[in-house]
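J.: Sequence:
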Amino acid sequence: FWLKGLETRKSKNGGSETMQVFARTLSGETVALNVQACDTVSLLRDQIGSTEALVFGGRNLHDEDVLGTCGVQDGSTIFQVPALCGGGDGTPAMGKRHAKSHGLCVRCGKRSFHYQKKRCASCGYPATKMRSYNWAHKSKRRRPVGSGRMRHLKTMARRFKNGFREGSTAPARKKNRA
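Each residue of the sequence shown is one higher than the one before, counting from 1 in full-length UniProt numbering.
Errors might be hidden in some of the hints.
Label-pair restraints from in silico Cβ distances [stated by the list, open to error]: (1) K100 <-> H152: 25 to 31 Å; (2) M156 <-> P126: 19 to 25 Å; (3) N134 <-> S168: 41 to 47 Å; (4) G163 <-> K117: 39 to 45 Å; (5) P82 <-> E17: 46 to 52 Å; (6) V55 <-> A121: 29 to 35 Å; (7) H98 <-> R158: 40 to 46 Å; (8) H137 <-> G163: 33 to 39 Å; (9) N34 <-> H62: 19 to 25 Å; (10) E29 <-> T69: 24 to 30 Å; (11) A83 <-> T30: 17 to 23 Å.
Okay, derived cross-link-like pairs now, SDA-like style, lysine to any residue, Cα gap no bigger than 20 Å in a straight line [said to hold, decoys possible]: (12) K161 <-> K174; (13) K140 <-> G124; (14) K129 <-> S139; (15) K140 <-> T128; (16) K110 <-> R142; (17) K140 <-> R111; (18) K100 <-> S112; (19) K117 <-> H137; (20) K110 <-> V81; (21) K118 <-> R107; (22) K129 <-> R149; (23) K117 <-> A127; (24) K138 <-> R111; (25) K110 <-> C85; (26) K129 <-> P144; (27) K100 <-> K117; (28) K154 <-> S139; (29) K138 <-> S122; (30) K129 <-> R141; (31) K129 <-> S112; (32) K140 <-> G109; (33) K118 <-> K129; (34) K129 <-> R158.
FYI, nobody ran anything at the bench for these hints, they're computed from the structure.
Note that beta-carbon positions come from the ideal geometry of N, C-alpha and C, so glycine has one too.
Starting from the given sequences, assemble the full structure and let the hints guide the process.
T.: Structural data, given as structure tokens:
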């Protein structure tokens, strides 16, 4: 697909005619160069006097590439870019997907306790007051006293009323005499 639209003009002696291309250097100045479509990138690099990488059409140009097959035409601009070491495989966030940032909260029991912030997103632990907002009515219904980790508090009021009796039956109720 690089050959699509490639126009080379033949001169009368059978060789390809020279074309004028532009090279944008790292300093920002543009240099006009006369090359042929059959020239290699290394010849172009020698004309510029550059050891940096050359890019045309978003594609890195290697020394053995021929300008005509890379799609370079008359009036094309080739960019000089710094060659950077390293780089990644294009997927830097894949390793962070399974990092556990939240764990179980000791107060509400939900997996909302942020390890680094040391704070629960659901109940606000370690704050002394439970995190609740008056606009979250459903949330308030979901978290009454006796739900979550401290389930035993659900029956605590009733047991307190009866003196925490265990292993015996309730005393018989007496009719009120009026």
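J.: If a hint holds in the structure, say so; if it does not, say that too.
T.: Checked hints:
For K100 paired with H152, a C-beta distance near 29 Å keeps the hint of 25 to 31 Å intact. Roughly 23 Å separates the CB atoms of M156 and P126, a value that falls within the hinted 19 to 25 Å. For N134 paired with S168, a C-beta distance near 44 Å keeps the hint of 41 to 47 Å intact. Between G163 and K117 the CB atoms are about 44 Å apart, so this pair conforms to the stated range of 39 to 45 Å.
Distance hint check: the CB atoms of P82 and E17 are about 33 Å apart, inconsistent with the given range 46 to 52 Å. Against the hinted window of 29 to 35 Å, the Cβ-Cβ separation of V55 and A121 comes to about 46 Å, which falls outside the hint. For the pair H98 and R158, the beta carbons lie near 45 Å from each other, so the given range of 40 to 46 Å is met. A beta carbon spacing of about 36 Å between H137 and G163 agrees with the range 33 to 39 Å that was offered as a hint.
The beta-carbon spacing between N34 and H62, approximately 22 Å, falls within the hinted interval of 19 to 25 Å. Judged by the Cβ atoms, the range 24 to 30 Å given for E29 and T69 holds: they are separated by roughly 28 Å. Between A83 and T30 the CB atoms are about 20 Å apart, so this pair conforms to the stated range of 17 to 23 Å. As the CA atoms of K161 and K174 are separated by approximately 18 Å, the hinted pair is consistent with the 20 Å bound.
For the hint pairing K140 with G124, the CA-to-CA distance comes to about 14 Å; that is within 20 Å, so the pair holds. For the hint pairing K129 with S139, the CA-to-CA distance comes to about 15 Å; that is within 20 Å, so the pair holds. With a C-alpha separation of about 17 Å, the suggested pair K140 and T128 falls inside the 20 Å cut-off, and the hint holds. Restraint check: the Cα-Cα separation between K110 and R142 comes to about 12 Å, which is no more than 20 Å; the hinted pair holds.
With a CA separation close to 18 Å, the supplied pair K140 and R111 stays within the 20 Å bound. Our distance criterion of 20 Å between C-alpha atoms is met by K100 and S112, whose separation comes to about 11 Å. The hinted pair formed by K117 and H137 fails the criterion: a straight-line CA distance of about 27 Å is larger than 20 Å. Only pairs whose Cα atoms come within 20 Å are accepted, and K110 paired with V81 is rejected, the gap being roughly 52 Å.
For the suggested pair K118 and R107, the alpha carbons sit about 13 Å apart, so the restraint of at most 20 Å is met. With a C-alpha separation of about 16 Å, the suggested pairing of K129 with R149 holds against the 20 Å cut-off. Taking the CA atoms of K117 and A127, the gap is near 13 Å; set against the 20 Å cutoff, the hint holds. A hinted pair counts as satisfied when its Cα atoms are at most 20 Å apart, and K138 with R111 qualifies at roughly 19 Å.
Taken as a hint, the K110 and C85 pair is broken in the structure, with Cα atoms around 45 Å apart against an allowance of 20 Å. At most 20 Å may separate the alpha-carbon atoms for a hinted pair to count; K129 and P144 meet this at roughly 14 Å. At most 20 Å may separate the alpha-carbon atoms for a hinted pair to count; K100 and K117 meet this at roughly 13 Å. Proximity of K154 to S139 is assessed by CA-CA distance (about 18 Å); at most 20 Å being required, the pair is judged to hold.
Taken as a hint, the K138 and S122 pair is honoured in the structure, with Cα atoms around 13 Å apart against an allowance of 20 Å. Between K129 and R141 the CA atoms are separated by roughly 17 Å; this keeps the pair inside 20 Å, and the hint holds. At most 20 Å may separate the alpha-carbon atoms for a hinted pair to count; K129 and S112 meet this at roughly 16 Å. Between K140 and G109 the CA atoms are separated by roughly 15 Å; this keeps the pair inside 20 Å, and the hint holds.
Simply put, K118 and K129 have alpha-carbon atoms about 16 Å apart, close enough for the 20 Å limit, and the pair holds. Taking the CA atoms of K129 and R158, the gap is about 24 Å. The hint is violated against a cut of 20 Å.
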